[in-house]
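S.K.: Given next are the chains, with one letter for each unit.
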Amino acid sequence: MKRLLPLLLAWALLCGCGADQPASSQGPAAGDTQYFFAMDTLMSITAYDGDTAAALVAAQQEINRLEALWSRTRPESDVSRLNAHAGDGTAVPIQPETAGLLETAAAAARESGLAFDPVLAPVMDAWGFGLTESEATAVHRVPGQEELSALLPLTRDLPQAAALEDGSYAAALPLAGQAVDLGGIAKGASAAYVVQALTAHGVENAILSLGGNITALGSRPDGQPFRVLVTDPLDSEESYLCTIALGGGLTCSTSGGYERYFTSGGAAYHHIIDPATGYPAQSGLLSVTTVAAGPALADAWSTALFVLGLDRALELWRAGEGTVAGMELILVTEDQRIYVTQGLEEGLQLHGEEAGYTYEIVRR
Amino acid sequence: MRLSAAERLRPTPGDALVVLAVLAAAGLVFFLLLPKGGNFLTAQIVLDQEVVTELPLSALTGAVSFDVPGAAYPITVEAQPGRIRVAHSDCPSQDCVHTGWVSRAGGQIVCLPNRLIITVTGSDAPQADAVTG
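Line order of the protein sequences matches chains A and B. Going by the numbering used here, the first sequence opens with residue 1, and the numbers climb by one from there. Going by the numbering used here, the second sequence opens with residue 1001, and the numbers climb by one from there.
The set of hints was computed from the structure by calculation and includes no laboratory data. Note that the structure is a prediction, hence the values are computed from the model and not measured. Even for Gly, the Cβ is constructed at its ideal location relative to N, Cα and C. There's no promise every hint is true.
Examples of chain A residues lying across from chain B (beta carbon under 8 Å, computed) [to be verified]:
| id | residue |
| --- | --- |
| 1 | Tyr35 |
| 2 | Ile207 |
| 3 | Ser219 |
| 4 | Arg220 |
| 5 | Cys252 |
| 6 | Thr254 |
Simulated restraints, written as ranges between beta carbons of each label pair [to be verified]:
| id | chain 1 | residue 1 | chain 2 | residue 2 | range |
| --- | --- | --- | --- | --- | --- |
| 7 | B | Ser1065 | A | Asp157 | 49 to 55 Å |
| 8 | B | Val1064 | A | Ala30 | 38 to 44 Å |
| 9 | B | Ser1058 | A | Leu348 | 26 to 32 Å |
| 10 | B | Asp1048 | A | Val142 | 34 to 40 Å |
| 11 | A | His85 | B | Ala1072 | 32 to 38 Å |
| 12 | B | Phe1066 | A | Gln336 | 34 to 40 Å |
| 13 | B | Asp1048 | A | Ala30 | 19 to 25 Å |
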């Protein structure tokens, strides 16, 4: 029996080691992966070269630093202080990263005709989709038209950010009751900083998943582009529409009503609110995936295009100029048609045909 | 196995047997956990970055139900042959419970308030490096 005890202990230890096997046996040369929760979502980073241990620590620290600036729920964040002084004329000092993100967000808001709106927070809060911290405890409800009509005027004036003479930055919200919420762009924007942190530690090949925003740095260990599965919006836990090849330096981001929603009186209400109406967007789309060189833009525009709908999205893509024209798109309609722009055709694998989806490559 | 006092600290044939048994066990575990052509499903439960357990879903012969130790909000996981779900959670969001049964490779159940991730892996999942959406 005395011989059996160490055997059992050794067995237990081995089972612990074995736990890593399924993950590491999937790639030819598995990288180091770090999973963590930040910005109210699950994130993972896999680095394949360089000083991976130090790089992953630095990457996570960078996310934590940015979350401390951009969170709506931390009272000392740039965003919280900006919101606390809405309408009182105070120019709130903010970090350069926040000023840069506000500028990027405002540009996306203007170019999309406010289909992406970084100051939609008062309306989001009314639905219970607002403050990320309260998402867990939020009471979702359908606000009345009167209530929404009173809130909508607060959602259109973008924050004014300015560079001061001493090189620092300040920003202000023009109207009392206004609030910035960068939830629709912050995760994407973080990717650029994470890539910098990784690169500084010699990482040349990595893949980032920041709450469904996937950023590829370099390529897979076998030299091929990273492969990314696109979730089936009708069976988001288990099924996929397709696999796309994501080239180095590109980010893909997906927005869909299936991600967060509640039901009331037999109707489903999802979290992508159309800033024009204050109600969940009814554009006929189930999900939008954007692939872009700018991670913040991929994030913001997946939401904007979901609100704008299929026709407008393809119109912007075909336009030849503008931000969307430089992206690739996957647009999924309620009648299970999937429109994939031509730049994603190479490396595309389809998985949704059995589930009833039909596919079309959209060309210019 | 009669041993003199001086030999008591030396490796004995018995110890060698233990080493062999451990090596055999290691090989066995390795092969059991390797993805196979026959779609063997495994569920990995991770709480706050620590692997709590791995369940060979395909090898289960009956239902298993257990509370995840150390969870901030008490959470009960239920596994049956080939599938797994969060049967009950005291967390405020209940997203994990609403996810329901996951029975395919690539499936995932996340409980954000508990920092808990259940990932189902197996050989029938489309091979990919990441998931968007």
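S.K.: Please go over all the hints and tell whether each is borne out by the structure.
M.R.: Now the hints, each set against the structure:
1. Tyr35: holds, 6 Å
2. Ile207: holds, 5 Å
3. Ser219: violated, 10 Å
4. Arg220: Result: holds, 7 Å to nearest chain B Cβ.
5. Cys252: holds, 5 Å
6. Thr254: holds, 4 Å
7. B:Ser1065 with A:Asp157: 49 to 55 Å: The hint (49 to 55 Å, Cβ to Cβ) holds, given that B:Ser1065 and A:Asp157 are roughly 53 Å apart.
8. B:Val1064 with A:Ala30: 38 to 44 Å: violated, 29 Å
9. B:Ser1058 with A:Leu348: 26 to 32 Å: Distance hint for B:Ser1058, A:Leu348 holds at roughly 31 Å.
10. B:Asp1048 with A:Val142: 34 to 40 Å: holds, 35 Å
11. A:His85 with B:Ala1072: 32 to 38 Å: Holds - the Cβ-Cβ distance for A:His85 and B:Ala1072, about 34 Å, lies within 32 to 38 Å.
12. B:Phe1066 with A:Gln336: 34 to 40 Å: holds, 39 Å
13. B:Asp1048 with A:Ala30: 19 to 25 Å: holds, 22 Å
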